[in-house]
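Student: Using the sequences and the accompanying hints, generate a full structural model.
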Amino acid sequence: MKKRVIEFNDYSFKYHSQTAPTLNNINITVYEGEKVLIVGPSGSGKSTIGHCISGLVPFSYKGEVTGSLKILGRDAQSLDIFTRSKIVGTVLQDPDGQFIGLTVGEDIAFSLENDCTDQMTMKKLVEETAITVEMNEYLPASIHHLSGGQKQRVSLAGVMVDKVEIILFDEPLANLDPATGQYAIELIDRIHKETNKTVVIIEHRLEDVLHRHVDRIIVVDDGRIVADMSPDKLLSSSILEASHIREPLYVRAVKYAGCEVKEDMKPSQLHSFSIESCKDKLLDWFKAGNQVVPKEGKSPALDLKDISFSYAPGHETIKGITLSIKKGEMVSIVGKNGAGKSTLSKIICGFEKPRSGSILFNEQDVTGDTIKERSLRIGMVMQNPNHMISKHIVFDEVALGLNIRGVPENEAKKQVEKVLKICGLYPFRNWPISALSFGQKKRVTIASILVLEPEVMILDEPTAGQDLRHYTEMMDFLAELNRQGMTIILITHDTHLMLEYTTRAIVIDKGRIIADKQPSLILTDSEITSLANLKETSLLVLAKRVGMKEPKAFVEHYIAYDREVRKKWQ
Amino acid sequence: MKKNQLSIKTIVAIGIGAAVFIILAKFAAIPSPVPNTTIQTSYAFLALMAVVFGPIAGGLIGLIGHALNDAISYGSVWWSWVVVSMIVGLLIGLAAKKMDIESGVFHTKKIITFNIVQVIAQGIGWFLLAPALDILIYAEPANKVFLQGLFAGLSNMVTVGVIGTLLLAGYAKTRSRSNSLTREL
Amino acid sequence: MAVEMLSYIDRKSPIHQLTGVTKLICFIVWSSAAMLTYDTRILAFLFVFSILIFMISKIKVSEVSFVLIFILVFLFINNLAIYLFSPQEGVKIYGSSHVLFEIAGRYTVTIEQIFYQCNVTLKYFAVIPVALLFIVTTHPSEFAASLNKIGVSYRISYAVALALRYIPDIQRDFRNIALSQQARGIDMSKKEKLPIRIKNAASIIFPLILSSMDKIETISNAMELRGFGKNNQRTWYRARPFQAGDYVTLAAFGLIFVTAMVVTFHDGNRFYNPFV
Ligand SMILES: Nc1ncnc2c1ncn2[C@@H]1O[C@H](COP(=O)(O)OP(=O)(O)OP(=O)(O)O)[C@@H](O)[C@H]1O
Ligand SMILES: Nc1ncnc2c1ncn2[C@@H]1O[C@H](COP(=O)(O)OP(=O)(O)OP(=O)(O)O)[C@@H](O)[C@H]1O
Ligand SMILES: [Mg+2]
Ligand SMILES: [Mg+2]
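Chains as they are written, first to last, in this note's numbering: chain A, 1 to 570; chain B, 571 to 755; chain C, 756 to 1031.
Zero decoy hints are in this set.
The list that follows gives simulated cross-link-like pairs (lysine to aspartate or glutamate, DMTMM-like), each with its CA atoms no further than 20 Å apart:
| # | chain 1 | residue 1 | chain 2 | residue 2 |
| --- | --- | --- | --- | --- |
| 1 | C | 904 | A | 115 |
| 2 | A | 421 | A | 476 |
| 3 | B | 596 | C | 924 |
| 4 | A | 421 | B | 754 |
| 5 | A | 353 | C | 759 |
| 6 | B | 743 | A | 396 |
| 7 | A | 414 | B | 754 |
| 8 | C | 985 | A | 115 |
| 9 | A | 544 | A | 280 |
| 10 | B | 743 | C | 972 |
| 11 | A | 14 | B | 754 |
| 12 | A | 233 | A | 260 |
| 13 | A | 327 | A | 303 |
| 14 | A | 124 | A | 137 |
| 15 | C | 878 | B | 640 |
| 16 | A | 3 | A | 165 |
| 17 | A | 413 | B | 754 |
| 18 | A | 262 | A | 232 |
| 19 | A | 62 | C | 972 |
| 20 | A | 62 | C | 969 |
| 21 | A | 163 | A | 189 |
| 22 | B | 596 | C | 759 |
| 23 | C | 954 | A | 396 |
| 24 | B | 743 | C | 969 |
| 25 | A | 193 | A | 128 |
| 26 | B | 579 | C | 972 |
| 27 | A | 233 | A | 208 |
| 28 | B | 579 | C | 969 |
| 29 | C | 985 | A | 162 |
| 30 | A | 14 | C | 972 |
| 31 | A | 197 | A | 32 |
| 32 | C | 985 | A | 80 |
| 33 | A | 197 | A | 128 |
| 34 | A | 3 | A | 228 |
| 35 | A | 544 | A | 527 |
| 36 | A | 414 | A | 480 |
| 37 | B | 596 | B | 640 |
Think of the hints as simulated: they come from the structure by calculation, not from any bench.
Owing to the predicted nature of the structure, the values given are computational and were not obtained by experimental measurement.
Tutor: Have a look at this one:
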């Protein structure tokens, strides 16, 4: 019988500011050396479970605990947070508070310093750990100069230096481009295998995590455990669909094709997935879906002419980008971490002044316009929600823009409530934003721009950390606005989002546009996908495995069909 | 952790507070009608932090923030005025207990207390301490340094009185009371 | 928005070689010496000596010129003010009056006054090079370790480290907030009237404070989770062991300090009076 490392028994937790408990009678047992994945809708309580394990609940987040939590067989209450920190290493969800040290080396060494490790030993340990995460080159580098992916590795190293038993990741993939995300998963897997630590991962991107073997998946919905079983078993059930979590696309497809997924088919990983029995069903199901044709002939809404920009003199972040976006288009901008996507969007909104080049809006030059003037036509949702939130209460935050524009009270109220409903925030409208989960915060910022209904809307990573349900509701609403003529630009790492909703994808690499064509064409161009750290969707792989003649058409068919199915949710 | 030591939260508050103090001092000065004088918002922030995190935090934020700001923007430290920032932060911090801002209530009575305290604290700092130290260290003419102190003091009192009060009121609102959040469908 | 700030400048120089502790102590000794004395000879010596040190450090004047210019302007205005407010301060201090020439009323120019004001200026000049050097040759992450070494509690030392660490972040946040506020239609420029401007300023400062409060929350959580504050002391990854150079330097500075004090106060007056 394996040793039990984490043991929740009828455990409930209520944040002191809440009236209803956030976790209800949860029972989880994690055994030594296991690798467990926790999934669930946004706001379901995943991070809270993480806090309970790491000790932030109840030491930092006060509240009422009932039931029992045992860690390594000892009652959690009896372990103070320092003893905990020796047992559990945590990588937090919030990108801002993650790094404490000034340089990579210091940050990795932080917990060693606190243990009064003498310098020689410390240097050695840091070096070793840095090597396992392949950051030994960067020890003297300042944290500020690291890319998203590198930051992930450092934070991992930071918890690995002291010999913790349990490593806890809260959304390790958020904001990582597909390839980097894949790398992170492989890294975690390698460490898990080498050190045989117990690993708990909280993540929305189920398919990406399943890139490597996972022992068990725990599904949380509204503070309750709705499933706790092996990936294969879970994927062959309909639980994920019920709690609106995106299944791996290839599994969806097979189910749509009307063939039953059974545990022994090993659906958890595509290469091991035995789909022989479904081949014919899939082929029948697939009747070439109608091609998505990019909207043409409309007048341009936004023109960028040879834009160049650099944050620090010497090294250019944006190098002579020329780009024209037509009225009523819905385009996606993709590219690896640090490519310059967010920077480009900031230039368009006037947050940054291009060193050279000009910006045209409806064919008139707006390069000289102030942010305020541009904001009347261009709305932008920034990547990091903390950078936009300026009010305390959800409702006020969303209403702010309308108030400043002098929209009458009751009129504003109507619009705000409408948008809040779409973003699934209506029940929280009178809550302080600080009491929201990360994904909920992100939605608040989206709502605060949606409500202004600008002519052009730019969304930076809108779906990061969102569950399938909110993803669908928000994206469909955007698609609707788009049909009514709003021009929409999506910056995203989600290749499926790009395929599903946009008719044109612009690939940026090192501040240059390296491709600008139909999303499906981009995903099938191996050179571009590798340059942009994109990952080919599992649907293509599936189609190829089944031996379809036109895999692309299959993907489009899937998307069309899938959209119909999800319509029923609303 | 032992009681007599600073809590981690206070330490972080001091660090971040000092950083914010510097940024506000450098960027968030409001252009005022009086030529080449600006309204310093950083002291309003100092007052807020002092009220929220207590005298030690207040004092150290003033000390570290002001000293670092002098150092990185002027390449030398005017200790006489740095000390003043520290004392102001510390004195205002003494009122923290009475204010009890975490309770979320910040009514007129508290507003008045706060402003009395801040005026006294800054009075001591700018009208007495600053000139005294300037004379002691730099042997500068008394009337000059007293006028300087007078001007700095008055403008800071006004800023803290207006913006500081606004900030505190706003902050108090953000303290969500227990058992207050329910989903309203 | 881009206001220049002094920061660590990486060089290979004897000054950079010294440990942060040494530099910190020297900086303190030096400043207190310059603060206490008003003896022209000492000040002159300190000034010349600090110029020498500055040369050794291989730091180019152009790299720090922006502060130098600022300081010069400051000193000029300061001198002007001193003269306006008390043109006879020097006479008061040195107890004699050698009139050079007369301007209106009390504004007669005396050698004493000029001498006095030269001293005031010299007092600043004597500190500036050393202070500048201390800032640009000490790596921020070594700074905290040094504070701790000279007896400041490591908790407070770490607070200083955090401040240094988060200045860029806060600056970035502040900028983002200011921008996204303007993107919602708030105007910060001189176009608005003062009361509105103050209100708008608050509307930018407030989010910054909220986000900073959240930062404080998350950072202290992260630190707690990694065992900060567990023991009564801690070690420092970036601390450096003392070398011969450090001892020599410290000895030298100690000597200078003592001599300076003796020379200054042997006659019981911190002013050097050439007029008697
Ligand atoms: N500090 C807090 N105070 C009060 N309520 C909170 C606090 N943090 C979270 N909550 C509430 O608890 C619920 C669960 O939050 P949690 O962060 O665990 O969700 P999550 O599953 O991690 O969501 P996400 O996937 O978006 O991160 C949310 O409804 C949120 O409003
Ligand atoms: N405010 C800033 N100051 C200096 N450099 C910056 C700033 N913001 C971004 N950079 C740098 O500019 C480059 C592009 O950053 P940007 O955020 O545009 O990348 P991105 O494509 O959005 O990446 P991600 O997909 O991770 O969001 C990166 O190397 C980044 O380090
Ligand atoms: Mg979460
Ligand atoms: Mg980005």
